[in-house]
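Chemist: As a plain string of letters, each chain reads:
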Amino acid sequence: GAVVSQHPSWVICKSGTSVKIECRSLDFQATTMFWYRQFPKQSLMLMATSNEGSKATYEQGVEKDKFLINHASLTLSTLTVTSAHPEDSSFYICSVLARPDRPNEQFFGPGTRLTVL
Amino acid sequence: GQNIDQPTEMTATEGAIVQINCTYQTSGFNGLFWYQQHAGEAPTFLSYNVLDGLEEKGRFSSFLSRSKGYSYLLLKELQMKDSASYLCAVRSYNTNAGKSTFGDGTTLTVKP
Numbered sequence: 001g002a003v004v005s006q007h008p009s010w011v012i013c014k015s016g017t018s019v020k021i022e023c024r025s026l027d028f029q030a031t032t033m034f035w036y037r038q039f040p041k042q043s044l045m046l047m048a049t050s051n052e053g054s055k056a057t058y059e060q061g062v063e064k065d066k067f068l069i070n071h072a073s074l075t076l077s078t079l080t081v082t083s084a085h086p087e088d089s090s091f092y093i094c095s096v097l098a099r100p101d102r103p104n105e106q107f108f109g110p111g112t113r114l115t116v117l
Numbered sequence: 118g119q120n121i122d123q124p125t126e127m128t129a130t131e132g133a134i135v136q137i138n139c140t141y142q143t144s145g146f147n148g149l150f151w152y153q154q155h156a157g158e159a160p161t162f163l164s165y166n167v168l169d170g171l172e173e174k175g176r177f178s179s180f181l182s183r184s185k186g187y188s189y190l191l192l193k194e195l196q197m198k199d200s201a202s203y204l205c206a207v208r209s210y211n212t213n214a215g216k217s218t219f220g221d222g223t224t225l226t227v228k229p
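Just so you know, the protein sequences line up as chains A and B, in that order.
Under my numbering, the residue at position 104 of the first sequence is numbered 104, and the numbers go up by one with no gaps.
Under my numbering, the residue at position 86 of the second sequence is numbered 203, and the numbers go up by one with no gaps.
Errors might be hidden in some of the hints.
[To be verified] Lysine to any residue pairs mimicking SDA-like chemistry, simulated, CA-CA at most 20 Å apart:
1) B:Lys193 x B:Pro229
2) A:Lys41 x B:Asn120
3) B:Lys216 x A:Glu105
4) B:Lys216 x B:Gly145
5) A:Lys64 x A:Glu22
6) A:Lys64 x B:Lys216
7) B:Lys198 x B:Ala156
8) A:Lys64 x A:Ser18
9) B:Lys216 x A:Phe28
10) B:Lys216 x A:Val62
11) B:Lys216 x A:Leu97
12) A:Lys41 x A:Pro86
13) A:Lys14 x A:Ser83
14) A:Lys55 x A:Phe67
15) B:Lys216 x A:Thr32
16) A:Lys41 x B:Gln153
By construction, these hints were calculated from the structure, which means they are not laboratory data.
Please put together the full structure from these sequences, using the hints given.
Modeler: Right, here's the structure in full:
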């Protein structure tokens, strides 16, 4: 079965609204999760590193007040896109760093496609 | 920072062999990954190399030369379902929590 799940798989919203995306590690506890954004025909761009019980670490150029990350438990991290605009339309993917029996693999969620009208 | 280069597109024929190259520049190298990503889906892990040499896994093999900053992914007996984007990613000790930097990906088209 899937190691990492995301919800929703796709969402369409109006400009100015906020959208919350959930990322769950299904079969092990993840102290660290990563959030990526991918525009069409481009590679994955790391947005932030989500750390359980502490503040997320954002990459340069990513607005922390716009992309709110909460990692409240060892199995759940959420990304909230606040006051979404059409330019925020993208494919958002979370990943889990590793699991104890497969330390060099990064497991990705299935992604959430956000379309802002 | 990290600089990763891979060809944008490649085309190959079903049943053939294709090699996708990746060159990188980084300090504190701590592993190179290859991922496969079908259109509209998230990446899936293919291989991991941290030492020089060839790692073989079924139809897919990955090679690494740390001194040359070079890797390749070799796909044998190509199938139509291998049409996808292949991402090279490098992990560095200098980055936090072992995060990887991704190349722009190579879109492989397999033709009958």
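Chemist: Each hint: holds or not?
Modeler: For each hint, the structure was consulted:
For the suggested pair B:Lys193 and B:Pro229, the alpha carbons sit about 15 Å apart, so the restraint of at most 20 Å is met. A threshold of 20 Å between alpha carbons decides the hint, and for A:Lys41 with B:Asn120 the separation of about 18 Å falls inside it, so the pair holds. Of the pairs offered as hints, the one joining B:Lys216 and A:Glu105 holds, with about 11 Å between alpha carbons and a cut-off of 20 Å not exceeded. For the given pair, B:Lys216 sits about 13 Å from B:Gly145 by alpha-carbon distance, which is consistent with the 20 Å threshold.
The straight-line distance between the Cα atoms of A:Lys64 and A:Glu22 is roughly 17 Å, inside the 20 Å bound, and the hint therefore holds. Proposed proximity of A:Lys64 and B:Lys216 is supported: the alpha carbons are some 19 Å apart, at most 20 Å. Between B:Lys198 and B:Ala156, the direct Cα distance comes to roughly 11 Å. Compliance with the 20 Å bound is thereby established for this hinted pair. At most 20 Å may separate the alpha-carbon atoms for a hinted pair to count; A:Lys64 and A:Ser18 meet this at roughly 14 Å.
Restraint check for B:Lys216 and A:Phe28: satisfied, since their Cα atoms lie roughly 19 Å apart, inside the 20 Å limit. The suggested pairing of B:Lys216 with A:Val62 holds, with an alpha-carbon distance near 16 Å, which does not exceed 20 Å. Taking the CA atoms of B:Lys216 and A:Leu97, the gap is about 8 Å. The hint holds against a cut of 20 Å. This hinted pair checks out: A:Lys41 and A:Pro86 have alpha carbons roughly 18 Å apart, not beyond 20 Å.
About 9 Å separates the Cα atoms of A:Lys14 and A:Ser83, which keeps this hinted pair within 20 Å; it holds. For the proposed pair A:Lys55 and A:Phe67, the alpha carbon gap of about 12 Å is at most 20 Å, so the pair holds. Using a Cα cut-off of 20 Å, the hinted pair B:Lys216 and A:Thr32 holds, with the two alpha carbons roughly 10 Å apart. Of the pairs offered as hints, the one joining A:Lys41 and B:Gln153 holds, with about 14 Å between alpha carbons and a cut-off of 20 Å not exceeded.
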